[in-house]
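Chemist: Listed here are the chains, written in short residue letters.
There are 2 protein chains.
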Amino acid sequence: MALATAEQAQREDRQGIAAAVAELRARFGERCSVSHSVREHHGHTTTLLANQIPDAVVFAQSTEEVAEIVKICAAHRTPIIPFGAGTSLEGHINAPEGGVSVDLSQMNAVIKIFPEDLNCVVQPGITRMKLNEYLRDTGLFFPIDPGADASIGGMTATRASGTNAVRYGTMKDNVLALTAVMPDGSIVRTGSRAKKSSAGYDLTRLLIGSEGTLGIVTEITLRLQGIPEAISGGICPFPDVESACNAVIVTIQSGIPVARIELLDTLQVKACNAYSKLGLEEKPTLFLEFHGTKAGVAEQAEQFGEIAQEFGGGPFVWTDKAEDRSKLWQARHDAYWACLGLRPGSKSVTTDVCVPISRLAECVEATRADIDETGLIAPLIGHVGDGNFHVSILVDPEDEREIEAAHGFIERLNWRAIEMDGTCTGEHGVGQGKKKYLKREHGDALSVMWAIKQAIDPLNIMNPGKIIPM
Amino acid sequence: MALATAEQAQREDRQGIAAAVAELRARFGERCSVSHSVREHHGHTTTLLANQIPDAVVFAQSTEEVAEIVKICAAHRTPIIPFGAGTSLEGHINAPEGGVSVDLSQMNAVIKIFPEDLNCVVQPGITRMKLNEYLRDTGLFFPIDPGADASIGGMTATRASGTNAVRYGTMKDNVLALTAVMPDGSIVRTGSRAKKSSAGYDLTRLLIGSEGTLGIVTEITLRLQGIPEAISGGICPFPDVESACNAVIVTIQSGIPVARIELLDTLQVKACNAYSKLGLEEKPTLFLEFHGTKAGVAEQAEQFGEIAQEFGGGPFVWTDKAEDRSKLWQARHDAYWACLGLRPGSKSVTTDVCVPISRLAECVEATRADIDETGLIAPLIGHVGDGNFHVSILVDPEDEREIEAAHGFIERLNWRAIEMDGTCTGEHGVGQGKKKYLKREHGDALSVMWAIKQAIDPLNIMNPGKIIPM
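Keeping their order, the protein sequence lines are chains A and B. In my numbering, each residue carries its 1-based index in the first sequence increased by 282. In my numbering, each residue carries its 1-based index in the second sequence increased by 282.
Keep in mind that the hints are not guaranteed to be accurate.
Copies of one chain are not kept apart here, so a pair can be met inside one copy or by any two copies together.
Once the Cα atoms are required to be at most 20 Å apart in a straight line, the calculated EDC-like pairs of lysine to aspartate or glutamate come out as [said to hold, decoys possible]:
1. Lys629 <-> Glu684
2. Lys629 <-> Glu682
3. Lys576 <-> Glu588
4. Lys717 <-> Asp703
5. Lys718 <-> Glu379
6. Lys394 <-> Asp703
7. Lys394 <-> Glu701
8. Lys552 <-> Asp654
9. Lys394 <-> Glu415
10. Lys559 <-> Asp606
11. Lys353 <-> Asp726
12. Lys552 <-> Asp616
13. Lys552 <-> Glu647
14. Lys629 <-> Glu680
These are computed hints drawn from the structure, not numbers from a lab.
Let the sequences and hints guide you as you build the complete structure.
Modeler: Next up, the structure:
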């Protein structure tokens with residue numbers, strides 16, 4: 283495109299956005315904000331990606347309102363960026379082309395619980411913790427737990443998972459149906475409350491993980507789980523990462539239905555000891571949880587203990603006391619803060635990859651060696667039952683050389699995972715940060731994704747600049 | 283379209299198909315058959331749908347060959363109908379517009395097993411029973427078991443499930459990655475061997491259940507399960523269908539990880555008694571199976587027995603002897619033949635629906651009443667842990683009035699399921715038979731499916747006339 287034409291196109295885009303914002307302000311009044319601080323908050327990223335703020339933020343209160351907003355934006359070819367709790371890690375909520383952030387946090391109701399069916403219908407703005415508080419008296423819970431208190435809508439959009447995924451699956455396994463506003467403003471419902479269906483294309487799974495690039499999810503039907511009769515948890519140190527990973531492999535292979543199995547490397551254990559006063563041996567350590575009947579969890583713990591011993595791990599200390607378990611998992615969930623404590627004043631850059639479990643030890647070892655060679659401070663923690671792990675790189679945000687080193691390391695990590703027949707992200711999503719790895723991971727399948735994007739969002743207004751590097 | 287133009291278009295289509303077949307015969311020789319009996323076999327349907335035969339059948343032996351076939355067909359706008367084992371139930375393999383049936387049965391290799399990762403890569407033509415025979419010495423098994431010995435490719439295409447789905451999920455949960463030939467002949471790979479990923483659109487799930495309308499699957503990476511340490515099975519009669527369904531609901535709610543829980547209504551029990559010499563009480567009966575440790579399966583059986591008693595069911599007789607269990611499940615899998623035995627000379631028309639489990643008793647009762655009122659002979663059997671059930675209507679294929687009554691009944695059954703927030707097919711797929719229910723089930727989401735179909739297959743050559751009623 284010639285420069286003059288590009289400039290002209292950009293000017294037209296800006297005029298379109300201005301017209302859309304004016305209409306939205308007229309329609310939504312106070313609920314359409316153009317205040318700089320509100321806009322900045324909505325483009326805020328938890329990483330090193332620059333904050334790219336939207337032109338306006340609209341606080342939606344219903345599916346119909348979202349449809350109205352989308353129609354107004356579509357009429358003016360204005361980008362739309364859905365916003366839940368703002369906890370995403372790869373720049374999903376940034377507005378690289380400006381446009382309108384649609385804040386769904388006020389759509390946070392539990393619409394209905396169906397205890398007999400073990401499912402419920404919620405609005406996207408409710409967070410996972412709020413949902414579980416709401417469910418407390420029903421004997422049911424929603425198991426998916428990314429570290430942050432993310433919104434269910436955001437978790438749907440990024441195909442989130444977390445520590446419980448090894449037993450309960452990810453968002454793709456725990457969403458039955460969706461209501462979504464499509465890029466033309468039409469409202470569609472995908473799936474049903476039936477547990478399974480073979481009736482046509484799986485639009486539910488297509489929208490899960492599409493990061494707001496195909497539509498805005500406004501209602502979600504979630505599978506729920508009965509709170510287990512008994513829960514036990516434990517900790518087991520290992521001489522090295524390899525033996526810990528091998529113990530995980532055999533545990534999974536033996537069909538022990540472990541609910542959580544998390545690896546903390548030595549540096550992460552140090553960090554947690556300092557932050558959460560745990561007093562653990564400073565070795566690669568597995569944190570575990572078992573769900574089942576009282577006899578069942580004891581049996582599982584015993585079986586795991588034997589496997590750990592085979593690989594030189596132990597002592598395996600476990601408990602079914604709720605209080606001790608809570609302390610343990612609080613420490614696990616505080617890992618992010620514990621990391622920052624390793625280097626006060628630093629910023630944590632968190633990345634995740636996922637590999638076949640047989641390649642996990644090799645991938646983790648190579649990654650640890652890479653970190654050491656690069657001279658970065660970067661503890662490693664993982665949902666190892668799924669072959670998924672995170673590295674939190676603690677960087678001085680003012681030190682360009684260090685940031686460059688971090689970027690180089692992340693690039694090598696992602697290539698390593700892809701070459702091991704894994705993926706550049708197990709649960710964080712692509713956003714802006716991981717776009718550059720998709721061609722290597724997906725090859726020609728990327729063209730199929732792009733064809734779908736163009737068919738569903740021909741104006742490219744839904745969260746443009748995310749996922750697909752086209 | 284004016285008549286002359288329609289006729290001309292059809293003539294051009296026929297000329298295109300003839301040209302494609304000529305090219306395919308030149309390229310594939312003996313492996314491209316135009317024999318009437320081979321073609322008839324490939325359009326054969328297991329239902330009352332008319333046999334619509336393809337113009338030729340090509341027996342493919344590799345992904346690259348499939349790509350060649352697709353390119354030749356695409357160049358001549360010739361319909362392509364993928365064929366696995368021919369066991370589908372809704373006319374999936376029919377050729378309403380003629381064209382080329384691509385028979386994948388010779389692509390039946392297990393490419394690789396990854397025991398540490400609990401997965402394997404197979405070609406689409408292998409059947410589920412052959413795969414499990416192959417796996418026998420590995421301590422692993424593939425759990426998805428539709429009644430017939432379907433091919434893994436066909437099961438992927440229809441999003442199949444079966445009796446084990448209540449514990450192990452459906453094909454959507456058990457396929458990690460696919461290689462597929464797209465409608466332009468390009469070869470793409472979706473997913474990876476990592477257990478989870480958030481890297482872009484879920485093309486794997488989009489292809490699963492797309493019934494060959496978006497591409498031809500040529501390699502499938504499957505999750506496998508460890509063979510449980512102990513398996514126990516049992517039978518439990520109930521006074522009526524409602525109490526049996528209620529026992530199922532409470533069993534699932536209690537988190538008992540039942541591996542199979544199947545309902546046979548009184549007529550089906552009668553049929554199985556006669557066919558498999560079971561000597562069961564002729565009442566609605568649950569067939570169950572538990573997988574776990576020796577202590578675990580005993581505990582599960584005990585818990586279920588208590589629940590059954592609460593609802594007036596029993597005696598619950600269970601065993602962990604492999605021989606007795608096999609007899610039981612052989613009888614379950616022979617249900618189709620047992621049905622035919624109820625009315626020698628009849629043809630069985632089988633249909634399936636799936637509803638939220640809370641609506642199951644109501645749906646089954648209403649369906650039973652409908653059958654009785656219509657005067658049809660139609661036993662009912664179901665994967666009730668998923669809210670999924672089948673009705674096999676035994677019709678005299680020569681009696682038009684009876685066939686009309688069967689069609690009327692099927693239509694009411696499907697509407698009933700959809701109105702209960704269920705689906706018109708839990709596992710058989712849409713094919714030709716269920717197209718007419720999709721608008722009611724999916725509403726405007728059908729337009730999104732159509733947009734995807736058009737984007738990926740703009741020439742509409744991949745299994746045309748299936749799934750989408752456009």
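Chemist: All hints, please: hold or fail.
Modeler: We went through each hint and held it up to the structure:
Taking identical chains as interchangeable, the C-alpha atoms of Lys629 and Glu684 lie at most 20 Å apart only when both belong to the same chain, with a minimum of 11 Å there against 74 Å between chains. For the homomeric pair Lys629 and Glu682, the shortest alpha-carbon distance inside one copy (13 Å) is at most 20 Å, but the shortest distance between copies (75 Å) is not. With identical chains, the CA atoms of Lys576 and Glu588 are at most 20 Å apart both within one copy (19 Å) and between copies (17 Å). Taking the closest pair of Cα atoms, Lys717 and Asp703 come within 20 Å of each other only inside a single copy of the chain (18 Å); across copies the shortest separation is 38 Å, beyond that limit.
When the C-alpha separation of Lys718 and Glu379 is checked against a cutoff of 20 Å, the pair qualifies only within one copy, where the shortest distance is 18 Å, while the shortest distance between copies is 43 Å. Taking the shortest Cα distances, Lys394 and Asp703 sit within 20 Å of each other only across copies (14 Å), while inside one copy they are farther apart (41 Å). Taking identical chains as interchangeable, the C-alpha atoms of Lys394 and Glu701 lie at most 20 Å apart only when they sit on different chains, with a minimum of 18 Å there against 44 Å within one chain. In this homomeric assembly, Lys552 and Asp654 come within 20 Å of each other (Cα to Cα) only inside a single copy, at 16 Å, whereas the closest approach across copies is 71 Å.
Taking the shortest Cα distances, Lys394 and Glu415 sit within 20 Å of each other inside one copy (15 Å), while across copies they are farther apart (46 Å). Proximity of Lys559 to Asp606 under the C-alpha cut-off of 20 Å is restricted to the intra-copy arrangement: shortest distance 13 Å within a copy versus 56 Å between copies. Taking identical chains as interchangeable, the C-alpha atoms of Lys353 and Asp726 lie at most 20 Å apart only when they sit on different chains, with a minimum of 16 Å there against 33 Å within one chain. For a Cα distance limit of 20 Å, the shortest separation of Lys552 from Asp616 inside one copy, 13 Å, qualifies, whereas the shortest one across copies, 60 Å, does not.
Taking the shortest Cα distances, Lys552 and Glu647 sit within 20 Å of each other inside one copy (18 Å), while across copies they are farther apart (61 Å). Within a single copy, Lys629 and Glu680 get their C-alpha atoms as close as 10 Å, which meets the 20 Å cut-off; across copies the closest is 77 Å, which misses it.
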